[in-house]
Amino acid sequence: MVEFLRFRDDEVSESPAVTVDAFGEQSNAGAVRIEPGDDARELLPHLAHITRVEVNFPVFGDGRGYSAARILREAGYEGEIRAVGDVAVDQIAYMRRCGFDAFEPEKAMNEADVKTALERWENVYQKTVDGRAPIWALRHGSADA
Amino acid sequence: MYKYDNYDQQMVDTRVEEFRDQTRRRLSGELSEEKFRPLRLMNGLYLQLHAYMLRVAVPYGTLSGAQMKALGDIADKYDRGYGHFTTRQNIQYNWIKLEDAPDILADLAKVEMHAIQTSGNCIRNISSDHFAGAAADELVDPRPYAELLRQWSSFHPEFSYLPRKFKIAVIAADTDRAAMRLHDIGIQIVKNDAGEIGCAFYVGGGMGRTPMVAPLIREFVPLDDLITYSEACVRVYNRNGRRDNKYKARIKILVHEMGKDEYTRQVEEEFAHLKSQGIEPPLAELERIKPYFADPAFKTGLSDKIDRTDPDFALWVDRNTVTHKAPGYVSAVISLKPVGGIPGDASADQIRLMGELATEYSFDECRVTHTQNIVLPHVEKARLKDLFDVLDANGLSSPNLDTIEDIIACPGLDYCSLANARSIPVAQKISKRFAGSGKTAELGELKLKISGCINACGHHHAGHIGILGVDRKGVENYQLLLGGSEAEDTSLGKITGPGFSEDGIVDAVEKAADVYIANREDGERFLDTYRRIGMDPFKEAIYG
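Chains A and B, in that order, give the protein sequences.
The first sequence begins at 1 in the UniProt record's numbering and counts up one residue at a time.
The second sequence begins at 1 in the UniProt record's numbering and counts up one residue at a time.
Hints are not guaranteed to be accurate.
Claimed, not checked - For each label pair, taking beta carbons as the anchor points, the in silico distance ranges come out as:
(1) A:Gly-141 x B:Lys-97: 43 to 53 Å
(2) A:Thr-19 x B:Gly-195: 49 to 59 Å
(3) A:Val-2 x B:Glu-34: 13 to 23 Å
(4) B:Glu-488 x A:Leu-118: 40 to 50 Å
(5) B:Lys-97 x A:Ala-75: 45 to 55 Å
(6) A:Arg-120 x B:Arg-80: 27 to 37 Å
(7) A:Thr-19 x B:Ala-294: 51 to 61 Å
(8) B:Pro-222 x A:Leu-118: 29 to 39 Å
(9) A:Val-2 x B:Ser-276: 28 to 38 Å
(10) A:Val-59 x B:Ile-517: 51 to 61 Å
(11) B:Glu-360 x A:Ala-108: 54 to 64 Å
(12) B:Glu-34 x A:Leu-118: 20 to 30 Å
(13) B:Leu-216 x A:Met-1: 51 to 61 Å
To be verified - In silico BS3-like cross-links for lysine-lysine, where the CA-CA straight-line distance does not exceed 25 Å:
(14) B:Lys-35 x A:Lys-107
(15) A:Lys-115 x B:Lys-439
(16) B:Lys-494 x B:Lys-439
(17) B:Lys-248 x B:Lys-165
(18) B:Lys-305 x B:Lys-290
(19) B:Lys-248 x B:Lys-35
What the hints contain is simulated information worked out from the structure, not anything from laboratory work.
Just so we're clear, the structure is a prediction, and the values are computed from it rather than from any experiment.
For every residue, glycine included, the Cβ atom is placed at its ideal position computed from N, Cα and C.
In isolation and in its complexed conformation, chain B is listed as follows (with noise of 0.2 Å):
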């Protein structure tokens, strides 16, 4: 994984210091909360309903672990000894004192981390394959390209002040495990016919209020060309994305309103003038970065054989684990939905221990998911069993990747000064009803996914089933939507109708689920179902 040189460490310290001091002007009325308040978001710090909230940049989910133990202890030292990973594969801590916040940046760039522009209209913090470096379909690992970009956007200074927040997502697979087509730039790595290396960009994907799926827009950028491109890409939205209206102010509204062809032609008259400006860093830069995320020393003849003997662990290794590359060799995720819990939630014992199995197990490194989960990425086969025992004693063994208990949610109203409606009751009681019940297994991969207001934190448009919390009238509200998806067969979800209560929502859930069951064909998931016999029977059933 990547290591800072000097000058990276440097950038991090630096910036510490300078939030010290912003803080301390906050602090001392100087600075006045309207002045503060970009500020402090371009270093991860937002006001929520309680106290503030920190959020930790995990560039592309990628943590060695040391850093997850060092999570872990920031989440004893500074809050209330718990951390919450996040859609966008990093850490948010919620019970966060102002006068600490310069203090954690310290401890965090001690771990080679930060909280740079996690939050503000700005470039965020760059995501991807949560399975990089493992996954047997990839063309390349997709993560030297995104700590180029990272390097790139970071303390940018032209891309500071956006008309609104920006989010890159760069993988390197056909099988789309970041929702790349749902960001504001999504890049995949491809190679071209003459067998060149290079990126294909999509621009102006995003969900919130306004849900879209990114067009293409050059298919083949090549290597060299990749920060130019982007620069272009973002200045031509730096000039003309809106700032009348902040619900319009994505550039998903831009690409849209001038349409795909015009934003293109202005791209490309953008980086043609841009070439001739020198600024994109030297192959040289990304040859320099690459062996950072070389594989590490698999070992070889290892055996595939897994014994079976204990039914929950074999349960485990059906559903959570993930083939790898290297033969004897897999990606196992840890699940961070136990049922009845909060997802995304771990304690700082938790995240320790998730650390501590990193180094133990999978070569020092683990990996925050979009799905709010973590992997050990590379674990030998004959040791699955070992690990599993102390997962299993910790509250980690949770079997149900990518079932319906494996609920993406946002913090909502428990927490979030945005949201219209709580997530993480309804999260719960839908876990629990289907763990009770006991068709989790039957349902098999059915993902699905509540936000709890209209800015789609969780997901809720990708989600095979989303639920979207509204406030109807002073009470909350629960609008149930399907056939989204947020992999390489991206689509977003339509609502079925008019919304339920909280435990209305969780009886609809079970409905549609039913329908499904009742329905499916060999082998068809929830979603290749709904496709298939679309909406009414769903409707019928729910509404009937």
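One chain only, chain A, in its complex shape (with noise of 0.2 Å):
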């Protein structure tokens, strides 16, 4: 079983995460959490020294998180971000199209299940920030859209 995924080669950052609003006022944390209602935007002055984005979905069908972590991809955020909370195995492939990293499930998941999961897409419709080039730039002859 899967406790934790996580699909980068820097060491594990240990540091307590803070919330948003104590980001606010202590923007020395290494780690933050995001809650659904936290605004990812507020981190874009300070992403520089953030290592680590917890994302956090009290419940699955809560898709704000899949936003926040495409805002800060997209703003050229390179840390860690991590689903934590309610993510399940049927999840985790749009999550890693958003940008997540790392995953941290309440209930860990099945090993080929996982597995299949993450290997099932050959190509995908759209551009996101995960590098992938999508059907219309296959079709256009532009593979590194």
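Got two chains here, separate frames each, mind docking them using the hints?
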């Protein structure tokens, strides 16, 4: 069973994550935790020294965290973005597409299911922040879109 | 019409595999119903009162003959020999077994079809004008733009867990045949003063318990910003739409509460940012799609003459055919509203037959309308009588398009787990009453729409006459609304007053119709008379 999944080579940061509000007051913290109602854009001026952003999913049906992660990546953030909470194998492929590169689900995931989920989609329709060339780019011969 | 390339086919095939795997995990108990629910919904599978219901996507309402026939085969093989065409230009099957669902999706994939995102809190099937490519008044065919949006919205990784469902319609004529301004996003393809084609964006319309007509938020989005602008509209919604109350979660509430100006400001800001992200497909992609929707090889030099000797045929021609852009052709509408029938239902044999007729008479194309009928878009006038005879022999020749018998009705309490009241019996009684009294013809265009609950799947807010079924202390009760319209003169109906029993509502509709007949002036439709004389004379007749 998979309790923690990470797609990065750097060392796992163990510093405790502070809330977005607390981060506003002490912006030297290295790790921040975003709740669904938080505005990820508040972090943009400080991205250079944040090593980990945790995006919490209290319920998997609340999809605000997908936008939060993508906004951070679009702003050039290169640190870890970890999905925590009610995260299951059926969500991780889309999460990867939105810039998540670590997963710490409440309930461990089946290893074979994880592998299948991540390898299933050979192609994608949209350009996002995962560097994959969308189908329209492949059709028109610009694989590095 | 659009044809999948290897990429499109692979996406749909992959989805079938994914859903097969999810269904297997559900059946083995590995996946709880709570976790499975949104996954099955995103594949169009609902759990209804008696069985699972599967909703199949018909992108922008367009089908080939072979696709239509395949829908008939599915009705026989997996359902009870029927299909139900819906107000979102889709088809539903009401008696599905969960373990069959992956096989049905596989059968659909063989004819380039799917049930992807026909439910769930994601971007749904893109709807459009059912006369696209045939209408004399359109600027361009809206379907290439709808197809571009279909691909963008399919498996969208950021927008699959939105606050609520999200519906987009695309039209390209001033006459609105798709209820465009009653969608979450309504797009009208327009030409600007410089003669360039672009998109007018209307955002925040919808029916449901809080009906709203979408305001215009941008008059002209250039074509090479269509996807980027759409992404900005949906992202602002995903981040800010209410999630505390599912009845206030649609984008119409956000636009209303935030104000159109503030919503627009945020969209423009997000749009400016997203422009730097290079997420827009090149215009070459639109150019790749367009030829699939090129005009078929219309014959030239055809006569416009129709032999009207047979009075039944002449009536059907007058009622059920619509002007076509090519001389010698019409669009023919097959009514799925036989008197006393279930609106939108067709038997497997009828569905297959309509597929064959599409191939034989209409360049292999047919359309599903949001009014739950089927269109053969390109029929030669000289062959109309032959077509009519086949339809007539198979119970498909009801001459009642846009009349009071052409009722939109949701499945209601006969099938739906959300409904408070039955819709189908009310529709049946009304069509029988007016067909029996012969008033249908006298009333002319009169759009009647019935919903069995406040969710408004039967578009009751937008009916010239609308009926809403509610539950009053355990008894089905029906409210009457007057004055709605889903066309370019979009308006929302108003409730007349206290509700009625099932038979009472039929009487009330008849009284309202009589007020119109007594008060109308030359050329006025029911809706025009209502708008001129107001609610009072109707109230007086109904409750007086």
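- prompt: Hey, Lys-494 (chain B) versus Lys-439 (chain B), does the alpha-carbon distance stay inside 25 Å?
  reply: Distance of about 24 Å is within 25 Å: holds.
message: Range first: 54 to 64 Å. Now tell me if the beta carbons of Glu-360 (chain B) and Ala-108 (chain A) are that far apart.
response: Cβ of Glu-360 (chain B) to Cβ of Ala-108 (chain A): about 58 Å, so the range 54 to 64 Å holds.
query: How does the Cβ-Cβ distance of Thr-19 (chain A) and Gly-195 (chain B) compare with 49 to 59 Å: does it lie in that range?
result: holds (53 Å)
task: Determine whether the Cβ-Cβ distance between Val-2 (chain A) and Glu-34 (chain B) falls within the hinted range of 13 to 23 Å.
output: holds (21 Å)
query: So does Glu-488 (chain B) sit 40 to 50 Å from Leu-118 (chain A), Cβ to Cβ?
result: holds (47 Å)
query: Is the hinted range of 27 to 37 Å satisfied by the C-beta distance from Arg-120 (chain A) to Arg-80 (chain B)?
result: holds (34 Å)
query: Do the Cβ positions of Glu-34 (chain B) and Leu-118 (chain A) conform to the proposed distance bound of 20 to 30 Å?
result: Given a distance of about 23 Å, which is inside 20 to 30 Å, the answer is holds.
query: Taking only the CA atoms, is the gap from Lys-115 (chain A) to Lys-439 (chain B) under or equal to 25 Å?
result: violated (65 Å)
message: Run the distance test for Lys-248 (chain B) versus Lys-165 (chain B): straight-line Cα separation, threshold 25 Å.
response: holds (12 Å)
field: Cβ separation of Gly-141 (chain A) and Lys-97 (chain B), checked against the hinted range 43 to 53 Å
entry: holds (45 Å)
- prompt: Does the alpha-carbon distance linking Lys-35 (chain B) and Lys-107 (chain A) stay inside the 25 Å limit?
  reply: holds (12 Å)
query: Given a hinted range of 51 to 61 Å, is it respected by the beta-carbon distance of Val-59 (chain A) and Ile-517 (chain B)?
result: The hinted range 51 to 61 Å holds for Val-59 (chain A) and Ile-517 (chain B), with Cβ atoms some 55 Å apart.
In the structure shown, a violation is registered for the earlier hints numbered 15, 18, in ascending order.
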